[in-house]
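Chain order of the listed sequences is A and B. The first sequence begins at 1 in my numbering and counts up by one. The second sequence begins at 1 in my numbering and counts up by one.
What the hints contain is simulated information worked out from the structure, not anything from laboratory work. Predicted, not measured: the structure shown is a model, and the values here were computed from it. The reader is advised that the hints may include incorrect statements.
[To be verified] Calculated cross-link-like contacts (lysine to aspartate or glutamate; reagent style EDC-like; alpha-carbon spacing at most 20 Å):
| # | chain 1 | residue 1 | chain 2 | residue 2 |
| --- | --- | --- | --- | --- |
| 1 | A | LYS8 | A | GLU349 |
| 2 | A | LYS126 | B | GLU88 |
| 3 | A | LYS328 | B | GLU88 |
| 4 | B | LYS328 | A | GLU88 |
[To be verified] Non-contacting residues of chain B with respect to chain A, defined by C-beta distances greater than 12 Å in every case (computed):
| # | residue |
| --- | --- |
| 5 | LEU7 |
| 6 | ILE42 |
| 7 | ASP142 |
| 8 | GLN168 |
| 9 | ALA198 |
[Stated by the list, open to error] Using C-beta positions, here's what the derived DEER-type ranges look like:
| # | chain 1 | residue 1 | chain 2 | residue 2 | range |
| --- | --- | --- | --- | --- | --- |
| 10 | B | GLN68 | A | GLU327 | 43 to 49 Å |
| 11 | B | ASN109 | A | GLU342 | 51 to 57 Å |
| 12 | A | PHE154 | B | PRO348 | 52 to 58 Å |
| 13 | B | ALA341 | A | ASN109 | 53 to 59 Å |
| 14 | B | ASN270 | A | PHE154 | 42 to 48 Å |
| 15 | B | ARG206 | A | PHE154 | 55 to 61 Å |
| 16 | B | PRO244 | A | GLU352 | 58 to 64 Å |
| 17 | B | ARG356 | A | THR5 | 43 to 49 Å |
| 18 | A | LYS209 | B | ALA281 | 56 to 62 Å |
| 19 | B | PRO202 | A | LYS209 | 43 to 49 Å |
| 20 | B | LYS328 | A | VAL117 | 18 to 24 Å |
| 21 | B | TYR66 | A | SER282 | 40 to 46 Å |
| 22 | A | PHE154 | B | GLU31 | 46 to 52 Å |
| 23 | A | THR5 | B | LYS328 | 49 to 55 Å |
From the three backbone atoms N, C-alpha and C, an ideal C-beta is built for every residue, glycine too.
The chain contents come next:
2 protein chains.
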Amino acid sequence: MFTITSLKNGLANVRGIYCDGVNCGLRPDPEQGDLAFIRSEIPATLSAVYTSNRFRAAPLRHALRYGQTFEGNCILVNAKNANAMTGEAGIRDVEEILSSLPAKAQALNPVMSSTGVIGYRLPVDKIKAGLHKLDWHAKNSDAAARAILTTDSFKKEICLEVELEGGQRFHVAAIAKGAGMINPSMATMLCFIATDAAVPIPEQERLLKEAVDRSFNRISVDGDTSTNDTVYLMANGASGAYHPEAFAEALGRVCFELAMMILKDGEGANKVVAFEVTGAASDEEAARAATNLSNSLLVKTALFGEDPNWGRIAATIGASNVACDEEKLVIYYDDLLIYDAEHRELNPEREERAYRIMKQDSFRIRCDLGMGEGSHTAYGCDLSYEYVKINAEYRT
Amino acid sequence: MFTITSLKNGLANVRGIYCDGVNCGLRPDPEQGDLAFIRSEIPATLSAVYTSNRFRAAPLRHALRYGQTFEGNCILVNAKNANAMTGEAGIRDVEEILSSLPAKAQALNPVMSSTGVIGYRLPVDKIKAGLHKLDWHAKNSDAAARAILTTDSFKKEICLEVELEGGQRFHVAAIAKGAGMINPSMATMLCFIATDAAVPIPEQERLLKEAVDRSFNRISVDGDTSTNDTVYLMANGASGAYHPEAFAEALGRVCFELAMMILKDGEGANKVVAFEVTGAASDEEAARAATNLSNSLLVKTALFGEDPNWGRIAATIGASNVACDEEKLVIYYDDLLIYDAEHRELNPEREERAYRIMKQDSFRIRCDLGMGEGSHTAYGCDLSYEYVKINAEYRT
């Protein structure tokens, strides 16, 4: 039916898409980018998923004028300053910057995305000067991916090529940032997806939402939800090709793999853990328990300590206000049964096996509540000294 | 009308109350207590508030047979083992231990409280042997207060003496433990209050609940809620004295001061911060925002870093699903205006003053949402390297 292949160079593979990143002086090191764009040279449709935070940052409030899906072909991104809690003045700064885009940017309904510290006005002049340093006909996905990072320790970039029966091809590619303040209902994360697939416009927003729900909305680094979270999908149809299942699968994989990269890069995190809750009374209850597991400080520190202390798993489920019963609960670490009503205390052999599982970079904690058919998986990471250090010293 | 005075020696001041603590071998160091009792030599009434965790530990399930308020005069407490997730066998262990209380304990409907690791059976024989090491006619509040501690770094003990007009006196005294896993809807905390006031039995449960709601249910160390949280109030009427307002005030102060001690002793914590939310659309919304502030990892690490990053305060409020507006929000640190629509960026002078406020052991962060009349105060602490260390290495 179709094959999906991973390609290097991220956004550069997508037909009609240009991108670049430069330093415009927001970061002190001139080698580190802080300003990027992604644009389509032909007309395109943008769909957005924005943060659920009530204090949406100025660039989101500006873009929301166009609705969630609109004709748009240019996204400008800056790091270091979130342009959040800056009021109407912050929105005017966005307007002023976007009205200064050079003609060669050919921008229609351009939008901004920002990430960084909250509460300070954008250095508008620096950014306007930076617009002329960007190469508006470059396909420099690497530079764009690096320029949007904040506390991230590695760039996040992906491209999938879909080949349909008959040889037609399209691409789904993206860059993303995000390392802390990551929580279901988005994260402090930005993700810019571009595709040359001929996505039917009426489907585009729903397809994006579904992909986001199964990826970025299932990861948690620290339970905090930022003012700036945004996922954009820019579709320009330049390939002329489309296949509903293939596109949904490729988009889903792009989002999921970037979400896992964000989690692996969770501030100070050493492990990624899938919290799989099954047998809940409902999917909602499963989601609540799984999300709480991924957010619990006691669970996260036990992961860091590689301590198979399943009592903290059980206590977190019990505190989640979900139907549960200690006689029916079953907990597995990967395929190791770690708790059921017949096996409560860890004997030395199972404890030794649990230690080995927990030493891995990633593993699975599965909890069957035995109450019904509800299920949900959330993804989290451990909490290390490094997290505290990064976040205690972030702004200073 | 009445005067309230603080006395030393905690529970020892309460007429008709005996208490003691010894080591029975649950802790390796024979100098450290791990078994305690509190009992009344005359008939008494016990009221309880238990954890909202669905996986209630065996001693709670045992005690719940008697209801939330019952005739009872003896509480036995052990540390190091929570007797949680131990099934029916755990309840039988409680029964076996309590049926071995010596005759001189004169116990009527005795109950147990346990704290420590989850998922292991109690060492019943050690505890039964320990029952004979306890001095059942001691008034050793210090030994009892020390024997119930786990990761606590100091004992928590208080006594208030109320003197009424005309010279009648009664006492409200308590011991408590709790350092981590502290969250609204209780905490991993145990608190045993005894009073010789002649509390009307029909009022006792409500008075206890109100005091708990304004104290233990407003503090958060790490957002986790344990399987064992319990507050008991034992009232024996031995003073013959009672005064409704005086008793409510003394009980409220006992609970609040112990809650603040627990927070000060938050695992690795260095500061206690009051998060006061006013002007919310409702008290419920105020409580949600205040509680989220006290639980936010980004807020807690900023407190540890003494970084006046009010953006994290604003972002947490915005993520709390409460009515808010960045033009109406006002944030104070103590009496320093740190954000309003006219003062968004911190100038150096205000930043310097904010640093000085944040260096204190305790201070207040007040957020007025400007949306209505709802208000709530929650109490939290910072998150330090030490928290991670304590909780990564707890069981091992």
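Here's how the hints hold up against the structure:
Proximity of LYS8 of chain A to GLU349 of chain A is assessed by CA-CA distance (about 44 Å); at most 20 Å being required, the pair is judged violated. With a C-alpha separation of about 69 Å, the suggested pair LYS126 of chain A and GLU88 of chain B falls outside the 20 Å cut-off, and the hint is violated. The suggested pairing of LYS328 of chain A with GLU88 of chain B holds, with an alpha-carbon distance near 13 Å, which does not exceed 20 Å. A distance of roughly 13 Å separates the Cα atoms of LYS328 of chain B and GLU88 of chain A; the hinted pair therefore holds under the 20 Å criterion.
The claim that LEU7 of chain B is not at the interface with chain A holds, since no C-beta of that chain comes within 12 Å of its own (minimum 36 Å). Taking the minimum C-beta to C-beta distance to chain A, about 37 Å, the non-interface status of ILE42 of chain B holds against the 12 Å cut. With a minimum CB-CB distance of about 30 Å to chain A, ASP142 of chain B clears the 12 Å threshold, and the non-interface call stands. Chain A leaves GLN168 of chain B outside its interface by the beta-carbon criterion, the shortest separation being 43 Å against a cut-off of 12 Å.
A cut-off of 12 Å between C-beta atoms confirms that ALA198 of chain B is not in contact with chain A; the least separation is 37 Å. For GLN68 of chain B and GLU327 of chain A, the Cβ-Cβ distance of about 24 Å falls outside the hinted range of 43 to 49 Å, so the restraint is violated. Checking the proposed 51 to 57 Å range against ASN109 of chain B and GLU342 of chain A shows it is violated: the Cβ atoms sit about 32 Å from each other. Taking the beta carbon of each, PHE154 of chain A and PRO348 of chain B are about 35 Å apart, not inside 52 to 58 Å as hinted.
Taking the beta carbon of each, ALA341 of chain B and ASN109 of chain A are about 28 Å apart, not inside 53 to 59 Å as hinted. Remark: the range hint 42 to 48 Å for ASN270 of chain B to PHE154 of chain A is contradicted by a beta-carbon distance near 33 Å. Range check, ARG206 of chain B to PHE154 of chain A: Cβ separation about 57 Å, and the 55 to 61 Å hint holds. The given range of 58 to 64 Å is respected by PRO244 of chain B and GLU352 of chain A, whose C-beta atoms sit roughly 59 Å from each other.
The hint said 43 to 49 Å for the Cβ distance between ARG356 of chain B and THR5 of chain A, and at roughly 59 Å that hint is violated. At about 28 Å, the CB distance of LYS209 of chain A to ALA281 of chain B disagrees with the hint of 56 to 62 Å. Take PRO202 of chain B and LYS209 of chain A: their Cβ atoms lie about 54 Å apart, and the range 43 to 49 Å is violated. Between LYS328 of chain B and VAL117 of chain A, the C-beta spacing of about 22 Å keeps the proposed range 18 to 24 Å intact.
The supplied range of 40 to 46 Å is broken by TYR66 of chain B and SER282 of chain A, whose beta-carbon atoms lie about 33 Å from each other. Distance hint check for PHE154 of chain A and GLU31 of chain B: the Cβ-Cβ separation is about 50 Å, which falls inside the suggested range of 46 to 52 Å. Take THR5 of chain A and LYS328 of chain B: their Cβ atoms lie about 52 Å apart, and the range 49 to 55 Å holds.
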